[in-house]
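Keeping the supplied structure of chain A fixed, place chain B upon it in accordance with the hints.
If you want the building blocks of each chain, they are given just below.
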Amino acid sequence: MIPPLIVRTALERGINLLAITDHNASANVEAVSKAARGSALTVLPGMEVQTREEIHMLCLFDTLEQLSAWQQQVDKHLPKMENNPGLFGEQFVVDETGEFIRRETQLLLASTRMTLEEAAAWVDALGGLAIPAHIDRKAFSLIANLGLVPEGAPFAALEITRHTTPAQVRRQFPQIGDWPLVQSGDAHRLDEITGPLVLTMEAPTVAELRLALRNCAGRSAWLRQDVISDEYQEGSFPFSPFQQGESKR
Amino acid sequence: MTLQEIVAELNLMCLTNPCDFSAIEVKSGYASDLLSCVMAGARHHGVWITLQSHSNVVAVAALLELSAVIITEGARPSQDAIDKANEERVNLFLTDKSTFWVVGKLWEMGVRDS
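So the sequence lines, in the order shown, correspond to chains A and B. For what it's worth, the numbering used here labels the leading residue of the first sequence as 4, then goes sequentially. For what it's worth, the numbering used here labels the leading residue of the second sequence as 134, then goes sequentially.
If you're looking for bench data, these hints aren't it; they were derived computationally from the structure. On a predicted model such as this, the values are computed, not experimentally measured, just so you know. Be careful, since some hints might not be right.
Cβ-Cβ distance ranges computed for the label pairs, FRET-style [stated by the list, open to error]:
hint, chain 1, residue 1, chain 2, residue 2, range
1, B, 219, A, 76, 26 to 36 Å
2, B, 246, A, 45, 52 to 62 Å
3, B, 211, A, 66, 26 to 36 Å
4, A, 106, B, 222, 47 to 57 Å
Derived, one-sided and incomplete: chain B residues facing chain A with beta-carbon distance under 8 Å [as the list claims (entries may be wrong)]:
hint, residue
5, 168
6, 172
7, 193
Beta carbons: idealized from backbone N, C-alpha and C, even for Gly.
Here chain B stands alone, though its shape is the one from the complex:
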């Protein structure tokens, strides 16, 4: 599953400078709003779904080299966080949908490794 397909299917808003999402393969996902759990539990290169929008989300995503972070329930991060994400080349997406909905969709699409 490419990030491009996910962005299109879930109608995600890209908050950072877009790159070639069709070249990014996504196999695994992780959902949590506790960043300590994400640091311990998320797989490298996976996608992370959270409603946490603090700038530390960017730091953790960069640390784990995640393919994308999907921030749910319209919890828009600050411009500083978005700038930091661009610097760190972290792909940040926003949706008004809930974490439950996003995870359900990803599962349906075949992203099932966790």
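Bound-form chain A, shown alone:
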């Protein structure tokens, strides 16, 4: 999944806002941003961080500088282990045309030592959005791992997978209360890129997104159910963050 193909596929599917959220990593974000230059697609710099409790949380920012500050924080809290490509797949960094730049040697699939609340507070302080990912999954999810949404955590919303509906998730997990829900493609491959989230905003920024997720100040967010595919199976999670160029919308 190289940057120009991500951009082309997103545009073909009518998507004009896309976040790149590799696992504990951000080295490929700039390449996708560059590949999208001059097109109708806005790329939000992001990451899917794995916290100490083995919870995946999406972190969305406006700028590469914010993301870089966050990456430094994550790096400090990752165990120093080398990736074993034979076991976990390759971790490639590419440029905007998809050309190989380098291999990331640090093992990225590990948990950081930050707690969920610490990580969310850092992202929030940097001006980003913290969104616990795929809460309806049986692994690496806020609900599976911690049972309940911790009180007072600065989350912007909770993300659900494309294999369910907001109504179903609210029935299944009444403990999520009235937290806003977002649904994403969680695309690990090109054919999984999908854009169910329809946003009305003044500009494609994190501040606007924060308002839209709460449906306030004239901004809004709603989920189209007609673009959701259902070809995924629990357990098919690819280990390598870069093996297939993990990215998601």
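Frame of chain A; chain B shown alone:
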């Protein structure tokens, strides 16, 4: 088996305000670090062994009225979590040993219902 006997035999450190552990009978146990599984699978009044130290551990223990939570591998919870446990009257214990070791010991002592 009383909680007092378990605390003594496993040399557990009590993180919360101690009560009369000899009056608490423990028959069953459950081990998992996924709180959703604990909510679905642990028996009321049992003991729960986990290396998860998030404050939600206290909420789940209170919900199930567990006799005790044994947090393993020295994963000390935050002071906020300990304060919440005192409020909710949840008995929190800490050990440097692994979950495997604690469960093995409890099994040896005759705590075998799950």
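Going through the hints against the structure:
no.: 1; hint: 219(B) / 76(A): 26 to 36 Å; in the structure: 32 Å, holds
no.: 2; hint: 246(B) / 45(A): 52 to 62 Å; in the structure: 57 Å, holds
no.: 3; hint: 211(B) / 66(A): 26 to 36 Å; in the structure: 32 Å, holds
no.: 4; hint: 106(A) / 222(B): 47 to 57 Å; in the structure: 53 Å, holds
no.: 5; hint: 168; in the structure: 3 Å, holds
no.: 6; hint: 172; in the structure: 5 Å, holds
no.: 7; hint: 193; in the structure: 5 Å, holds
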